[in-house]
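Engineer: Sequence:
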Amino acid sequence: MLRRVPCETAIASVETLCLTLKASDFLSLLELEPAVANAFRNYCSLVEVFDLLGAELERRGKILDNLKELATALTKQATILNLPNGTTPLQQLDPNLLWLVSSKGSNYDVGERLLPGSDRANITGEVRLVGFTDPTLPMAESDVNIASLSDTGIWANAPFAPLSPEQAEEVESGQGIKYPHISGRGPVDGTLACFQMLAQHLRMPFRRDVLRRALVSNKQRTGGISIQLCGALAELMGLTSQLVNVPAVAISKLPTPVLIPWQDSYAILYKATEFELVLGIPEQGIIRKKPADFVETWGEEGQVLLLQPTKETPQKRFGLSWFLPAIKKHRTVLIEVFIASLFVQLLGLANPLITQVIIDKVIIQNGINTLNVLGFLLIAMAIVEGIITWLRTNLFVDTTNRIDLSLGSEVIDHLLRLPLRYFEKRPVGEISSRINELENIRSFLTGTALTVVLDAIFSVIYIVVMIFYSWLLTIVALATVPLFALITFIFAPIIRSQTRTKAERNAETQSYLVEVVSGIQTVKAQNIELNSRWQWQSRYGRYISASFENVLTSNTASSLSNFLNKLSSLLLLWVGAYLVLQQKLTLGQLIAFRIIAGYVTSPLLRLIQLWQNFQETALSLERLADILDTPQETEIAGRNNIPMPAIVGAVQYESVTFSFAKSPNPQLNNVHLDIEAGMFVGVVGQSGAGKSTLTKLLPRLYELDSGRIKIDGYDINKVELYSLRQQIGMVLQDTLLFDTTVQENIALTMPDATPEEIVEAAKIACAHDFIMNLPLGYETRVGERGSALSGGQRQRIAIARTVLQNPPLLILDEATSALDYATERQVCLNLAQVFKGRTVFFITHRLATIQNADVILMMSQGRIAEQGTHGELIGMNGLYYCLYQQQSAISE
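Numbering (UniProt numbering), first residue to last: 1 to 892.
These are calculated hints, taken from the structure and not from any lab test.
All values derive from a computational prediction rather than experimental measurement.
Just so you know, even glycine gets a beta-carbon here, dropped at the ideal spot from N, CA and C.
Any given hint could turn out to be false.
Derived lysine-lysine pairs resembling PhoX-like cross-links, with alpha carbons at most 20 Å apart [claimed, not checked]:
#1 Lys104 with Lys178
#2 Lys836 with Lys763
#3 Lys22 with Lys104
#4 Lys253 with Lys271
#5 Lys22 with Lys178
#6 Lys253 with Lys290
Now the in silico label distances, taken between C-beta atoms and shown as ranges [as the list claims (entries may be wrong)]:
#7 Gln887 with Glu654: 30 to 36 Å
#8 Arg825 with Lys710: 29 to 35 Å
#9 Ile287 with Thr72: 46 to 52 Å
#10 Ser406 with Ala832: 45 to 51 Å
#11 Ile287 with Ile435: 38 to 44 Å
#12 Leu573 with Gln537: 50 to 56 Å
#13 Ser559 with Phe738: 45 to 51 Å
#14 Val452 with Leu573: 26 to 32 Å
#15 Leu349 with Gln220: 56 to 62 Å
#16 Thr72 with Glu744: 51 to 57 Å
#17 Ile520 with Lys710: 55 to 61 Å
#18 Ser409 with Ser559: 38 to 44 Å
Let the hints inform the model, and build the full structure from the sequences given.
Structural biologist: What follows is the structure in structure tokens.
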């Protein structure tokens, strides 16, 4: 009530009798008790902070899962300022705090941010402000960088346009460059069109489905599309964004492209000079304005979003041209298939002509001898047509299989070389469904393209033959073709949209099914089979619903097409019979004409439906492009870097900071570390302290946010990626075993290893004894993901695999967590002996296994809190000492 903002809701589960008190009466009573009133005014509730913080993060285009926890933490340190009725200069506010308007009654809206150092209007009216320490709300790198005109320096650094450019060059630059334009109306479609124009302009891949979902969701939640959200979406596309306040007179100095607010939506500023501004406006097209005219339309000042690509920005390289090399490789066979199809079509054309002769010459004139000749001719033609069709089909299937194998191998190779972050952001089922689009595209380029060429050629031939028979019947036969085209153009966009939705629902269903089957042990252990089935049924129900809508629309279009087809046949028979009765056409000619008309209708329908097929292929291209347009690890890291020399083992971390989602709380924060070659390094700490993250950066599974890591003095970001990884052995807690034999799993990285070497590696990992007790020993299949083995057995096989690899630098990430104490100790002793003189990082929760380590790192909240030997850390009486005492007490 003090804020004059409704923020609480009460919901009763049963019929309830409530007593109400008017807000004005309560406030009047409150004034009678100054102490109570003062306590109320200075109290900051969790709901108040939650509302203000949510609005502020929404403006920044950021959505947090832990908003409630963050609001709870900020409530304790919030500063309340109740300003009396009157005028208050902004300069009186503490510039070190983030001030948000919390109540109505002033010239500022609730939730609006106040900047003490800005030249905005002073506060007028009675108002309640809440101040937060700004570092508690840091802007992550993925958020929009907000800068004002006074402190960016962007205008001073921007180059001035030439004072008197040559007119011919100006005309050439204005007319020679083609700027993309996409139509769109409304906040969602208009903004989406802007991002699509931006993607085409910068030759970037465009994920329409992802961006549209984000825009629609935000529109439903907030009622609009903020420019801060646009900045976050631009970052999602791989661009860097900066939000600046700019006067309209300085718009010509901006580096383009720029996203600017335009009326109720947005527009793209493609080009900005003193003479001309080129704008891409979804509702209007490509508009050229003089800067003075722009000021009249846009206003004196406003916020704009500067957008620039980076080295990690994906480039659009995938399209129909990506398939051409594979198709050209088999062009000879495809040409042979085309020629065979041509002969089959010609033989098909001879059939109605011979039928006409049989009716007009044989039946009517009783020519038995002619009938036998024509009969044998028809049989011979049928045999030849069958042989050619058989050969054509075999050639075509063999060729398309070879193309599928070649393209599929290239797609999988690209997929496996993508950064780890790509897979963390996408469900397995979605990736699988995108790969399946490959066959649809190939089918369009080979099968549909071939059919289209034949249809185009023979449609003309058939129509010419029909005209020779009767121009009137030809008009009747083709009269329904425009109606077919109208049906196609009406239903094609609807079917495409429904096909997209169906594909998305199918991906959701498959992803969930893969998760359930992969985690079947957890499902059974937690007794959630019924709930899992319900969840699958819910997703599958949405997929079935989307499929039904798609089938219903397609069936409607098909039914209308069938009706028009029958109508055409009836009209043709009607008019043709009239012409026969008028003796302008023979009966044989009428029957032949009907057969040929049937031949021409189908090709024309396929040509008309080509647009629908192309739309479906475009959707498949868009989905598969998400994989092939994403840069590989070597592209981001630099494939031409020098190879990593043989590793000795000295490791240095210099000011290393890393976060998975570029969040304000990084997993590693300014880590410094110096490890000498040959050290056995123990890494311990609570869950989430950053232990695994610290070691996963060594083989560059992730790229650093800042800082650098050096091995033997070489910056790992400046050496060839795979030459680095092949020298680092890594055993994870959940290392994957493939559904093959124990021997093949151990020799995965060394397929040429001898049986003796495999057995020796298994003995070092304490795995030989249990392997020999398996039904087939080393030839026993381990099952999918090693399901036939226990967790400890899987870990020992994974350790044996790495021992066989014999890397100069070894990382063991909770690699012995599933082993009993005695086995773990023996494995550690064996590894210490085998890898003596090499650098080993050993991550564990059991401190007893690393007491003899050369150095122990105690991780806490993304930092190395303590470092030293076991004895040194015990003597510090710090975190390590406390953890050691806890484990000792538990073991006793």
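Engineer: Now look at each hint and say whether the structure bears it out.
Structural biologist: Cross-check of the supplied hints:
no. : hint                           : verdict
1   : Lys104 with Lys178             : violated (49 Å)
2   : Lys836 with Lys763             : holds (17 Å)
3   : Lys22 with Lys104              : holds (18 Å)
4   : Lys253 with Lys271             : holds (10 Å)
5   : Lys22 with Lys178              : violated (64 Å)
6   : Lys253 with Lys290             : holds (14 Å)
7   : Gln887 with Glu654: 30 to 36 Å : holds (32 Å)
8   : Arg825 with Lys710: 29 to 35 Å : holds (33 Å)
9   : Ile287 with Thr72: 46 to 52 Å  : holds (49 Å)
10  : Ser406 with Ala832: 45 to 51 Å : holds (48 Å)
11  : Ile287 with Ile435: 38 to 44 Å : holds (41 Å)
12  : Leu573 with Gln537: 50 to 56 Å : holds (51 Å)
13  : Ser559 with Phe738: 45 to 51 Å : holds (50 Å)
14  : Val452 with Leu573: 26 to 32 Å : holds (30 Å)
15  : Leu349 with Gln220: 56 to 62 Å : holds (58 Å)
16  : Thr72 with Glu744: 51 to 57 Å  : holds (52 Å)
17  : Ile520 with Lys710: 55 to 61 Å : violated (44 Å)
18  : Ser409 with Ser559: 38 to 44 Å : holds (42 Å)
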